[in-house]
Amino acid sequence: MRGLAKLAVIRKGRLFAAAAASALVLASLAGWAASKGKQAAAKAKEAESAATEEEVPAARPDSVRILIQTVPPRKAQVKWGGKLLGVIPVPRALVVERPRDSGPLDLVIRAAGFLPVHTRAYTFTDSRVAVKLTPPSEKSTLFGYREEPAPNPDGGVPEPPTPSPSIPSP
Amino acid sequence: MKSTICACAALALLGSLGCHAGPPTPPSTAPPRTLSPASPPPVPTSPPATTAPRPAATASTPSAAAPEPSRSESQAIVIHDGKEGFVDAEAAARSGYTIIDFSDDWTPFIFAAQKAPDGTVMNNRYRRVFLGLANDTLDEDGGPLPPGEKNFLELYGIPPSFGVLRERFLANEQQTCHASINLEALEEVETIAYVAPEKLKTEDGKTARLRRELEEARQKNKAASLADLAQKDPSLATKVKAYEHRTAEKAAMTEVEKRLACEGMFKKGLRHATGVYDDGMRMAVRRFQQKNMIYEANYLRSKTMDALARPPLANDHLAFMRVLRERVVAAAGVVEDGSVEGKSGAPTYTGRSGKPVALRNLVDELTQSAAEQLGLATQEGSLAFFKRHPAADFHRLRVAVRLPALPEYYAPDMDLSIVIDRGEVWYHLPWDAKGVRHAQPRKRYPSFHLYLKYNGQRILLARWRTTIGGWRAEQASDGYEYFRYKGSDIGSRVIRNVVAGPVWIAPESTPIRSLIKMKGVRGAWQRVVNYDELGPGYLSAYGLVAGYFVQAGRNGKADWDNGIRAHGSSDYLSIYSSEGYSHGCHRLPNHLAIRLYSFILRHRTMRVLGDQGMGFARQFLANDDVFEIRLPSRGYSYQLEPPLPVDVLEGEIKGTLKTPVLTYVPKPGIKYPGPPPPVRASDEGRAGAGSPAAKSDGEP
Numbered sequence: 001m002r003g004l005a006k007l008a009v010i011r012k013g014r015l016f017a018a019a020a021a022s023a024l025v026l027a028s029l030a031g032w033a034a035s036k037g038k039q040a041a042a043k044a045k046e047a048e049s050a051a052t053e054e055e056v057p058a059a060r061p062d063s064v065r066i067l068i069q070t071v072p073p074r075k076a077q078v079k080w081g082g083k084l085l086g087v088i089p090v091p092r093a094l095v096v097e098r099p100r101d102s103g104p105l106d107l108v109i110r111a112a113g114f115l116p117v118h119t120r121a122y123t124f125t126d127s128r129v130a131v132k133l134t135p136p137s138e139k140s141t142l143f144g145y146r147e148e149p150a151p152n153p154d155g156g157v158p159e160p161p162t163p164s165p166s167i168p169s170p
Numbered sequence: 171m172k173s174t175i176c177a178c179a180a181l182a183l184l185g186s187l188g189c190h191a192g193p194p195t196p197p198s199t200a201p202p203r204t205l206s207p208a209s210p211p212p213v214p215t216s217p218p219a220t221t222a223p224r225p226a227a228t229a230s231t232p233s234a235a236a237p238e239p240s241r242s243e244s245q246a247i248v249i250h251d252g253k254e255g256f257v258d259a260e261a262a263a264r265s266g267y268t269i270i271d272f273s274d275d276w277t278p279f280i281f282a283a284q285k286a287p288d289g290t291v292m293n294n295r296y297r298r299v300f301l302g303l304a305n306d307t308l309d310e311d312g313g314p315l316p317p318g319e320k321n322f323l324e325l326y327g328i329p330p331s332f333g334v335l336r337e338r339f340l341a342n343e344q345q346t347c348h349a350s351i352n353l354e355a356l357e358e359v360e361t362i363a364y365v366a367p368e369k370l371k372t373e374d375g376k377t378a379r380l381r382r383e384l385e386e387a388r389q390k391n392k393a394a395s396l397a398d399l400a401q402k403d404p405s406l407a408t409k410v411k412a413y414e415h416r417t418a419e420k421a422a423m424t425e426v427e428k429r430l431a432c433e434g435m436f437k438k439g440l441r442h443a444t445g446v447y448d449d450g451m452r453m454a455v456r457r458f459q460q461k462n463m464i465y466e467a468n469y470l471r472s473k474t475m476d477a478l479a480r481p482p483l484a485n486d487h488l489a490f491m492r493v494l495r496e497r498v499v500a501a502a503g504v505v506e507d508g509s510v511e512g513k514s515g516a517p518t519y520t521g522r523s524g525k526p527v528a529l530r531n532l533v534d535e536l537t538q539s540a541a542e543q544l545g546l547a548t549q550e551g552s553l554a555f556f557k558r559h560p561a562a563d564f565h566r567l568r569v570a571v572r573l574p575a576l577p578e579y580y581a582p583d584m585d586l587s588i589v590i591d592r593g594e595v596w597y598h599l600p601w602d603a604k605g606v607r608h609a610q611p612r613k614r615y616p617s618f619h620l621y622l623k624y625n626g627q628r629i630l631l632a633r634w635r636t637t638i639g640g641w642r643a644e645q646a647s648d649g650y651e652y653f654r655y656k657g658s659d660i661g662s663r664v665i666r667n668v669v670a671g672p673v674w675i676a677p678e679s680t681p682i683r684s685l686i687k688m689k690g691v692r693g694a695w696q697r698v699v700n701y702d703e704l705g706p707g708y709l710s711a712y713g714l715v716a717g718y719f720v721q722a723g724r725n726g727k728a729d730w731d732n733g734i735r736a737h738g739s740s741d742y743l744s745i746y747s748s749e750g751y752s753h754g755c756h757r758l759p760n761h762l763a764i765r766l767y768s769f770i771l772r773h774r775t776m777r778v779l780g781d782q783g784m785g786f787a788r789q790f791l792a793n794d795d796v797f798e799i800r801l802p803s804r805g806y807s808y809q810l811e812p813p814l815p816v817d818v819l820e821g822e823i824k825g826t827l828k829t830p831v832l833t834y835v836p837k838p839g840i841k842y843p844g845p846p847p848p849v850r851a852s853d854e855g856r857a858g859a860g861s862p863a864a865k866s867d868g869e870p
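If you read the protein sequences in the order shown, they are chains A and B. When we follow our numbering, the leftmost residue of the first sequence carries the number 1, and every step to the right adds one. When we follow our numbering, the leftmost residue of the second sequence carries the number 171, and every step to the right adds one.
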């Protein structure tokens, strides 16, 4: 539908299944050690990621595809103003298709147990928006966090004068 | 107030923008087509095919010739025997005509799609937004503009397209509400004094009392009128004058309201109470000023009142001439705008003949010439032009004119340089411990000079007011805001890179409050990162185009970038205000910055680097929400080879403090958790400290 975000949920790829199966068969035939099996699993995981993206139908020439994910991966709600674009189907990405060069999307991503994140996606070209999530307990690690001054320990005693600028005025 | 810290992309740009090695390459675009001073303009090789008149759009169309629509992109309108006809544009250009782009997809040179040496088109991603803004189809983010909305962005460097102007002309010609406006009442006053809404009742009471007092005196003195009273009792003359002035202002205010309403300047959602200079009124005045490119604060001052007292079509014609001016400037590739003229007239240079030659105001001269040739120098002429050309013509309309020959010093590669005089400089904090502001008067303001070296002379081509840095709020590492002196560096620099649609990467010292704004997003108001400030865009801290000042690296060392730029700015009032300061950069109105850099790029050897993609992302915390800045590009870059010399003069240091303060200074009235932290020991921290030139080896 023109003018509206078209959503598509990425499906696990057959490519992944094939790759994983092949890896397992090869591993058993060769009698590789368990460590080798772990390597294969890691490779299979890479294949999963690649296959996931490849499986999403290519955007039309006049459209772009935006992949939205969180780090760490979490089920998160993605809103564009008053419109709910969808929920990130972890471990996959939420895919949004928009008309090419139709202006940016100001998004708010909310995941349970994390601070909401306001971010932006662009429509110049296909892109991936990987948003880092921060739990409230770690907000002091974010830029802009500031510690409030300690309450006045002297109770009713008047505060000392505000530190005066050290620079003489003309 | 815009926060235009210049520390910006210093680090980020060092690697990718600063030091592109390799042999100089010729400009990727041909120099502007202008007449050779030696050759008189011949008749076009393909004579204009004048056409049979076609019916005018309305019966009131003046007697202009009526051509058929432009036929193809290869053709341009030319005036022949007073009639419009068509000519092959390229042939006309070869014959000495200048081709002026009248199409609605015109942008200034800096936003035009350039070509790489291999012929690949290098698109500027801001071009589409620029065009959408000029055509009233997109908003500043590149999203669709609501139907009926107007952008009015001339003050911000984006003139309306001719298609938009056409609509404006035709609508105003049909508009009937203007007939009810008493223009005489508007002309009666030069300005209308601002009365704050909460003081209006008191002021009206004073006026009423004054009226009663004067009326009693008039009767007592048996005067026929108040003027008569002032003559009979001169002691009351001042009161009579004050009363008449206030009365005239009130009458004019009524007409101002009618005029603004008639032009649709009052925005929905902002209430306005009749006779009150409230927010609704202020925004309507601002919109009117933006529509008419009036550089004034949002009050009813002289230029605004002049425009309000002019008939709408007269204002439209002035707008038409401004738009034409930018098209002519772009077509001819000139920059001389008369800004160097002093009380004794234009400065002179010694020509080839050995005789003094006065520097011409080419911007005005060529614009006027084009307007006259095309029959567009009058309001009637421009209205007729728009009537005989339907909107569709402006999709690809071009015109061919014979412009006066350019001065002898014009060449594809000109020896240009920039000098910035900081004027009078104060290092003192302008506030005392209680936050009371102390005046720091300046008689000589910062100025920007563009010079040309020609035949052993230094010719000043343009001189504009600009800004230097001053005391600004900055966020320190403890999360608190302090004052910090953000000065403008002095000494020799160069501009190696010019960036069109530049992106300002807000340094961590940027106050968080300036990085967030409210925005309507698909039917809901939400807080968003303030990308207006970051760009690309006309509201960006770097404006629509920026030249990056660096100290050229030598002996294989990289350029040193202290974050100072000469750039366009939407904060035009800061440029012309007596108390306007930047964060160290040298601001110019966007339209002048566009002209300047378009001129430089077209008259110097340069290389098109194109879009400087990047994947910048940074998060920050505000009120328990995380905001993420995402910037996909630094802008569209051009590289000057060799770089353009810049010299920043120290100016005159006022007051007793002769060197800038390099530490944070607490803001009055704020409780801090401790003493100010040290300024960051980084390029970003150093930026704008007003440091002199670095050592000659290019090291800071």
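There could be a bad hint or two in this list.
To be verified - 25 Å max Cα-Cα, derived SDA-like pairs, lysine to any residue:
| id | chain 1 | residue 1 | chain 2 | residue 2 |
| --- | --- | --- | --- | --- |
| 1 | A | K75 | B | S684 |
| 2 | A | K83 | B | P367 |
| 3 | A | K79 | B | G693 |
| 4 | A | K139 | B | R683 |
| 5 | A | K139 | B | R692 |
| 6 | A | K79 | B | A694 |
| 7 | A | K79 | B | P812 |
| 8 | A | K79 | B | K623 |
| 9 | A | K79 | B | G785 |
| 10 | B | K285 | A | T134 |
| 11 | A | K139 | B | G439 |
| 12 | A | K75 | B | R692 |
| 13 | B | K687 | A | R120 |
| 14 | A | K79 | B | M584 |
| 15 | A | K75 | B | Q696 |
| 16 | A | K83 | B | A792 |
| 17 | A | K83 | B | M784 |
| 18 | A | K132 | B | A394 |
| 19 | B | K687 | A | P89 |
| 20 | B | K687 | A | P104 |
| 21 | A | K132 | B | G439 |
| 22 | A | K83 | B | P848 |
| 23 | A | K139 | B | G693 |
Calculated from the structure, these hints are not laboratory results. Bear in mind the structure is a predicted one, so any value in this text is a computation, not a measurement.
Hint by hint, which ones does this structure get wrong, listed from lowest number up? 1, 2, 5, 7, 8, 10, 11, 14, 17, 18, 19, 21, 22 and 23
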